[in-house]
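The chain contents come next:
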Amino acid sequence: MKSLMLVALMLTAAMPAAAMAQDLGAPVGEDGPVETTATDPSQAQTEEGISFTVTDESAWSDIGIAIPAFATDRERATPANADGTGALGREVARVITANLRNNGLFKPVGPDSLPQPAFTQITAPTFSTWSGRSAEMLVHGYVRARDDGKLVVGCYLYDVALQDELVRAGWVVGPADWRRAAHKCSDLIFARLTGESPFFDSRIAYIAETGPKDRRVKRLAVMDSDGANHRFLTLGSATALTPRYSPDYSKILYLSYVDGNPRIYVYDIGTGKQTLVTENRSPTIAPRWSPDGRSILFSMAVAGNTDIYRVPATGGTVVKLTDNPGIDVGGSYSPDGSKVVFESDRSGSQQCYIMDADGKNQKRISFFGGRCATPEWSPRGDQIAFTRIAGDFNVGVMNTSGGNMRVLTRGWQDEAPTWAPNGRIIQFFRTEKNTGRSGIWQVDLTGQNERRLPTPVDASDPAWGPIRP
Amino acid sequence: MNTKLATILLLASATGLAACAKKAPEQLPPPPETNTGGNTMQPVTTTQPTGAQVGTQQHFAGAVGSSTTIYFDTDRYNVDSQDAAALQAQAQYFARYPQITFTVEGHADERGTREYNLALGERRATAAKNYLVSLGVDANRIAVVSHGKERPVALGSDEGSWAQNRRAASVIIN
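Those sequence lines, one after another, are chains A and B. Sequential numbering from 1 applies to the first sequence in the numbering used here. Sequential numbering from 1001 applies to the second sequence in the numbering used here.
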């Protein structure tokens, strides 16, 4: 890993011209799964099955949660924080608090306005301290630096009224990955209190935008679900658009004008190399992964007419899935990979259609007036998010038959929804009238908790990856 | 192949006209920019550009004026009579300078989704190319590229700006 980075660095240093021609920055390098650990052997607690229920699950969004600083067994130096493991414990609690607050989940109170528990209190909280602060839930945790430099982070959730532990988990992470432990802890709390699947430990690929409206510079960029660990992957000399993370986060599909024409590339995050999705003179757009990562959908214009094609992710025979004089573009697989929802203007305007994964049984599903564009199948399988065009552009959801359509946003131009890994939250990008300024926003499935994501510059085309292992 | 495309184009222009006719004329989009003598066809023979070298965009624009670019209705890609006149001016120019190769850049206005607009820009540029080929320009001289809504020329968010951005522009790249 280290030597790989070194080689990559030497390569970029040795061949700046080649790097420019590809418009690629230095590779990020791959990262592996987070190791789960017993919460802490030193605590000598046996893992027991947890069978408590939350006091009131229906009103979980109003639940007050106290998240004091995570304790440390022994103050030690760590590359993760210049001030040592104690300061890192406070940062971990801050990240968890921000996660739960920013997503409109619960009413968290963070470490900066709470007393700091001692290490021994992590597994034996002083509940009277917290019940007096109208906290219904209590999060405790610790950070321990191992001799090999890795960090052990433990995370405990307590019901203050019941004075009982609801759930606990521990993880071993490299110092650079300390935020992932905070996200894992956020996911543990979220999943235990809501019964929903986790989503915080995930990443987002998107397009960073700068410059005037008629000469926008568009760069491929990635970030954690909370906007941290931001990286630009391309340099901006060529327009980059519409990225999609592979299900295992090892690759990104995206469109680049690096050779002057719109073409889809498969960018390998580990090696920093990229290849064309298909060797063809025709322009290729709108890349999508199959849920198992083995196939790639793309749209290709031949003699001006765009249809949808499929190719194995490792290259090989291209299969044409639609054959229609209208524009057929995009596509999003059902989670089981058996069907694809896509858009077509074969009826005279953009509408959403479903077909079998082999292209058979194409049928229109959107009949609610207005247009249906950029459909994205929910990871849960029961909903399809899309761009509804009816005067303004807004994010809508419908069931897989096109029924129960609901409009979730009210911007002037809200476009290109992407689902959180748990199918509860939708991100999209919003473009301002006249200025053309853009930003990534998110809204939850109920239409509540709309907020803008912090990005270093303007942003569009978000693509939310799956939960990380 | 060509007949099939021609049929599609004809069908498209028919539906295009029908759609236009049905559309309530709330406000007609202003005509595209008229920088060099309006939308009438510029007779190539009488225009002798001074200064610009043959094979440059300046020379081409000097010769055909605003006819370097044709404009489309919302979501349409048919070549109407005004477009046809402009493309005839282009075809005459390219017949006169057979060594010149060029690119037709297809564009869409901002009021469309990104990927659809890329496909639409491709359609528009190809429609312009096919028309030029039908006028005798060798297809091998014409490259096509779509920029979707990524490269507007008019920066407002209003009908007038959008009308200027729904375009296929012939560009000579040296």
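Because the hints were derived from the structure by calculation, they are not lab data. All values derive from a computational prediction rather than experimental measurement. Careful: at least some of the hints might be erroneous.
[Unchecked claim] Straight-line C-alpha distance at most 25 Å; calculated DMTMM-like pairs for lysine to aspartate or glutamate: (1) LYS213(A) <-> ASP1073(B); (2) LYS213(A) <-> ASP1138(B); (3) LYS320(A) <-> ASP356(A); (4) LYS433(A) <-> ASP1080(B); (5) LYS150(A) <-> ASP248(A).
Enumerated hints in conflict with the structure, sorted upward: Of the numbered hints given earlier, those the structure breaks are 2, 4, listed in rising order.
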